[in-house]
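S.K.: Using the sequences plus the hints, can you model the full thing?
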Amino acid sequence: MSAENIELMKQMDLKEKLISSFLAFENQVDVDVDSKVHDVRSKAFSNFEQQGFPTKRDEEWKYTNLSSLLKSNYNIFSKGEASLTYKDVKQYFINETDCYNLVFIDGKFNAFLSNTTHDGLDVCVMSAALTKPKYEEAINTYFNKLAKENNSLSDLNTAFSAEGAYVNIPKNTVVPKPIQILNFSTGSEQEILIQPRNLVIVGENAHVQIIERHQSLTGNNTLTNAVTEIFVNKRGIVDFYKMQNDVETASLIDGTFVSQQKDSVASVHTFSFGGKLTRNNLEFYQNGEHCVSHMNGISILDGKQHVDNHTLVQHKAPNCESHEMYKGIYDEKSTGVFNGKVIVEQAAQKINAYQQNNNIIVGDKASVNSKPQLEIFADDVKCSHGCTIGQLDESALFYMQQRGIPKKEAKALLMYAFSNDALKDVKIPELKTRINAIIAEKLDVNIGFDL
Amino acid sequence: MKYTEDDLKKELETQEYEYGFYTELESDTFPKGLNEAIVRAISKKKNEPEWMTEWRLDAFRIWEQMEEPEWANVQYEKPDFQAISYYSAPKKADPNKSLDDVDPELLEMYKKLGISVDEQKKLQGVAVDIVVDSVSVATTFKKTLAEKGIIFMPISEAIQEHPELVKKYMGTVVPKTDNFYAALNSAVFTDGSFCYIPKGVKCPMELSTYFRINEGGTGQFERTLLIADESSYVSYLEGCTAPARDENQLHAAVVELIALDDAEIKYSTVQNWFPGDKNGTGGVFNFVTKRGICETNAKISWTQVETGSAVTWKYPSCILKGNNSVGEFYSIAVTNNFQQADTGTKMIHLGKNTKSTIISKGISAGKSQNSYRGLVQINSRAENARNFSQCDSLLMGDQCGAHTFPYIEAKNTTAQIEHEATTSKIGEDQLFYCNQRGIDTEKAIALIVNGFSKDVLNKLPMEFAVEAQKLLEISLEGSVG
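So the sequences go chain by chain: A and B. Going by the working numbering, 173 is the number at position 173 of the first sequence; the sequence numbering is gapless. Count along the second sequence from 1, then add 1000; that gives the number in the working numbering.
To be clear, the hints were calculated from the coordinates, so they are not data collected in a lab. Among these hints, one or two may not hold up.
Said to hold, decoys possible - To list a few chain A residues with every Cβ distance to chain B over 12 Å, as calculated:
id	residue
1	Lys17
2	Leu66
3	Ser114
4	Ser127
5	Asn221
6	Gln314
7	Glu321
8	Lys371
9	Ser384
10	Leu397
11	Pro406
12	Asn420
13	Val426
As the list claims (entries may be wrong) - In silico EDC-like links for lysine to aspartate or glutamate, alpha-carbon gap of 16 Å or less:
id	chain 1	residue 1	chain 2	residue 2
14	B	Lys1199	B	Glu1295
15	B	Lys1352	A	Asp364
16	A	Lys316	B	Asp1398
17	A	Lys262	A	Glu289
18	B	Lys1352	B	Glu1383
19	A	Lys382	B	Asp1398
20	B	Lys1367	A	Glu345
21	B	Lys1367	A	Glu375
22	B	Lys1425	A	Glu375
23	A	Lys382	B	Glu1295
24	A	Lys350	B	Glu1428
25	A	Lys134	A	Asp122
26	A	Lys408	A	Asp393
27	A	Lys36	A	Glu26
28	A	Lys350	B	Asp1398
29	A	Lys234	A	Glu191
30	A	Lys408	A	Glu394
31	B	Lys1346	B	Glu1328
32	B	Lys1167	B	Glu1050
33	A	Lys382	B	Asp1429
34	A	Lys350	B	Asp1429
35	A	Lys234	A	Glu289
36	B	Lys1367	B	Asp1398
37	A	Lys341	B	Glu1420
38	A	Lys341	A	Glu283
39	B	Lys1346	B	Asp1178
40	B	Lys1425	A	Asp380
Where a beta carbon is used, it is the ideal one built from N, C-alpha and C, also for glycine.
M.R.: Next comes the structure, spelled out in structure tokens:
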């Protein structure tokens, strides 16, 4: 048997395990077999059954190998027994500012730590939204409309979708405080696979800020396969911040899909500092004129960390813009992957699409794979991408050392300045401070970056 | 009356492929189909030694196991490999005779092509090897070159006369197992050019090969092997045409370049295969594998102007094996009507202080699709590797597409890579500026396109640059809708 076949066999194990537990799962979540949600799940499940996990032979997964992750013996059903006190997890909250909090522990909602609302807007949980008749209309309109037929991993998430954040902002509402979504995995179960499913609906003229974080509290391997669908209606504004600073046994596969209507503005910021393997699939679909999409990302990695950012912007309507900026600093044996795809359909004339990917390799064994991709079918467009891989400017370092700044601090300052471009759009000051602190820690210096 | 863009567009659509003539030549064509017997027959026809026959058969067996690649961003009906004749030779021409003995009809054909052999010989001092339907029919200037020790001859002769060189180098850069079309070519190639520049020799003239597919229902499979020994220099030109036919013809060539220490090779191509008519029928499928290897301090420079072919699938590449070696790639790919091009390059940096430059200009008009696909790979031992890539696309008309698929892989901290790409159309302000100064739209477009392609055109040898510029005009003007 070839090495590849053996690999395949091992993957089969997790796949088979998932297949055999699907029935049990459906019983457990107690879903009405006549409901549309059941149909969606079953269809997604059969898609996953057919396709299985992606391998390196798939073009989209050329640089990211999942096979080592799939070897672990994951517990698919969390018992949800673990309890955490606020003290245990306090450090992961952005405390400085008042927030709506949605806390999930091992995939189960924890009401004690959370702070939900139904007053004028819905900040609650998917388990309620998927089962209660009150939400049926919204679920039928929005649930799995973006993630469908996308890839086998989002299908897998759909098939096992039970819990996550449900955020519905009615029209003309400006949400006064940010919404925090925190997913914890505890050490009470051995190795765990959790699949959170979030749905965000932003009504006309509404505005919302969301912070999402996945955090493992254990040394056991954890794998998170998350899917978030975001719908932004006319003139809606959404800011989504992804904090990825997990422990080195935690891996994350994240799919975030954004659908935009006329005149809407959507921004997704991805900050990857931690975790063993992180794969971000970020997709924007611009369905109306004058949409603006922002994608910013900072990755600062060391050890054997692997971060893969796959982005897609599909321009379907004219007069839209997309701005994309990903910065990466790679130390030790870390690997960075960037694949940015911009598709401009024929109808989408007068598009401005900018894409930038800058990387610095610091470690001897670090590597970067970058694939900025443009597919353009309309002629009256301005599209460009730039990609660089390089080192810190020696003369700038020398200049600072000459003026009494130690080399380490000088390097850190340069790296901070390098990544700062992607930070300037962060609109929550407390979050910015937090990220600056993480960057300082990551670069191993004790300076405040209030440039 | 005012000459409008629409007039120009109409004029262009009706403009015929000027090389689309077919010369009635009595030719010796094999029955259609491919099997071991055909491979043996080709080898026998060429009177090849046993090792060559075995090499071909080995390649054929590998090919049988392979699948046709589908990853390229092109759509076409796959050729039926059993419906192609794998050997077609103009009967009267005998490659061993001098130019004077060449079939007058053939010479007439070259005159039509505008590459009159006599003329070239006298005026431009270019040594030409002409390949019609896979067989080399005329090699000029052989004697002058021989004085310098330069070997320039059809590869079939080289197999007979210099087997040690062919045996040593053939398949070292593009192995038989490399890809589907390279394997096919290895099994059935019938001719091509062979060139060897000895140590320290600077080739005094441009070497040139002209390819032409003449016979219908045949495929052209030529193989070029170019070896530049230590400290030598050569500039090599390649041109291609084919008659206009409403069926698709297959061209699957392999080009191998070997630049030994301190050598420099400049390889230029003007590809003008029949692109199919304005409805997208007919045209040549151009599936070519071109690759060069650079030893220490060596340099390989690829320049290509792609205006023809219904489907192009071509990635001239450089393996920068030696320290301080340099790879360059300059390309203009123009597509119009229903043409599809998926072209680009690969720069594999293995040695220290290696440098590569990629300048790719894509121009798409009509309903065509133009893709750039490139790979820049810096291996872990390639200290101080440097790459600069620039791919620009110009779109004319709202029915065409331009795509870029650059792959960048860096495994060394000292690597410096820059990549930039832009896609836009001809600016209305630029056109307006020209119009304002009394330059009509047609001229203005030609001017802008020329400026857009200048970086690449400048890299072409003189006589080619003129031809290329003319080709650009034919392929493009008035495509603005």
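S.K.: Could you work out which earlier hints the structure fails to respect and list their numbers in ascending sequence?
M.R.: Hints 8, 9, 23 and 29 are the ones this structure does not satisfy, whereas the remaining hints hold.
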